[in-house]
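First residue of the sequence shown: 1343, per our numbering; consecutive thereafter.
It should be emphasised that the hints constitute simulated quantities derived from the structure, not laboratory data. Among the hints, a few may not be true.
For lysine to any residue, the following SDA-like pairs were computed, each having C-alpha atoms within a straight-line distance of at most 25 Å [what the hints assert, rightly or not]:
hint: 1; residue 1: K1650; residue 2: R1593
hint: 2; residue 1: K1650; residue 2: G1467
hint: 3; residue 1: K1650; residue 2: A1567
hint: 4; residue 1: K1650; residue 2: L1535
hint: 5; residue 1: K1650; residue 2: L1432
hint: 6; residue 1: K1650; residue 2: S1602
hint: 7; residue 1: K1650; residue 2: P1578
hint: 8; residue 1: K1650; residue 2: T1588
hint: 9; residue 1: K1650; residue 2: L1671
hint: 10; residue 1: K1650; residue 2: P1473
hint: 11; residue 1: K1650; residue 2: G1584
hint: 12; residue 1: K1650; residue 2: G1581
hint: 13; residue 1: K1650; residue 2: E1524
hint: 14; residue 1: K1650; residue 2: G1537
hint: 15; residue 1: K1650; residue 2: R1378
hint: 16; residue 1: K1650; residue 2: G1566
hint: 17; residue 1: K1650; residue 2: Y1597
hint: 18; residue 1: K1650; residue 2: Y1494
hint: 19; residue 1: K1650; residue 2: S1391
hint: 20; residue 1: K1650; residue 2: V1380
hint: 21; residue 1: K1650; residue 2: D1364
hint: 22; residue 1: K1650; residue 2: M1343
hint: 23; residue 1: K1650; residue 2: H1534
hint: 24; residue 1: K1650; residue 2: P1516
hint: 25; residue 1: K1650; residue 2: R1576
hint: 26; residue 1: K1650; residue 2: D1637
hint: 27; residue 1: K1650; residue 2: A1402
hint: 28; residue 1: K1650; residue 2: R1536
hint: 29; residue 1: K1650; residue 2: A1531
hint: 30; residue 1: K1650; residue 2: A1603
hint: 31; residue 1: K1650; residue 2: A1663
hint: 32; residue 1: K1650; residue 2: L1475
hint: 33; residue 1: K1650; residue 2: D1660
hint: 34; residue 1: K1650; residue 2: R1541
hint: 35; residue 1: K1650; residue 2: V1363
hint: 36; residue 1: K1650; residue 2: G1387
No experiment lies behind these values; they were computed from the predicted model shown.
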Amino acid sequence: MLVLVTGGTGFVGAWSAKAAVDAGHRVRFLVRDPARLVTSAAALGLDTSDHVVGDITDAASVRRALDGCDAVIHAAAVVAVDPRRAEEMLQTNLAGAQNVLGTAVELGLDPIVYVSSIAALFQPGARLLTPDLPVCGPSDAYGRSKARVEQYARDLQADGAPIAITYPGMIVGPPAGNQFGEAAQAVEAAVHLRGLPGRGAAWTMVDVREVATAHAALLRQGSGARRFMLGGPRIPIAGIAGMLATITGRRMGVYPVPDSALRLVGRLVDVIDRFVSIDTPVSEAAMEYYTRMPDTDDSPSESELGVKYRDSVETLADTVAGLIEAGRL
């Protein structure tokens, strides 16, 4: 199949494109700046010559990119913790989904793969996240945008569209060129801090290569509407600290800060960030996820898509190696 990939200059999109090509498909990219393909998808050995210059918010360029394609993987999204970009993120992500998913449905593409997030279904009181939970999401801008797009995608599914939705957790792993994804910032911070704060906190962490494998496995026509959790294992911070100590050869501790205090710090950072930009992975939403994220039921991705989740030590080791090579550690 010829598969359009949006977000191909990013971490998840580039790896998903590679997995699609490795599975025997051809890929086309929708990009704003073709030069960025050189430092992302092309760095993974992909031929990026088939690309359309445009933006997911521009319906005409999306239609040009979809013309002649059999399927699409929609991985493009604005991810920002800056509250001043909240409205931009919501409008861009929703308009992008309406253009990409809506036009793909109109043109009869099958399948249509949409990369959502466990944030769209996040419920602090839940014991297990499953793909059929109602759309929820936290109150932060990112969570709201993912929830809005999620509801739009589900409405299309309800109308019979062959949309497959995936819900990755905290995506880490080796970079795609110079693209790491936002979660690598948490790994970087933990190494610099020589540990992690919290008591009941954990990382629900998945390797980008497993996410990409799932997306490639979904490229089968006639399967209809589907949803899959790709959260990855929920690893308490003591386990994360131990892995990072083994990988880096440094002592890593757990700082027993109450989880409630971390959530309070996140709220304070959000307030300050409205006036002064702060480059930090800490936010109210991030601390909610960090301290209250339940387990995810990933078993259908294993039994139906053939995803084999690798040892998290390998995932973290590859992330750290990439950060070192990039001069961030």
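For this session: Mind listing which of the numbered hints don't hold for this structure, in increasing order?
Result: Checked against the structure, the hints that fail are numbers 1, 2, 4, 5, 6, 9, 14, 15, 17, 18, 19, 20, 23, 27, 28, 29, 30, 34, while the rest are satisfied.
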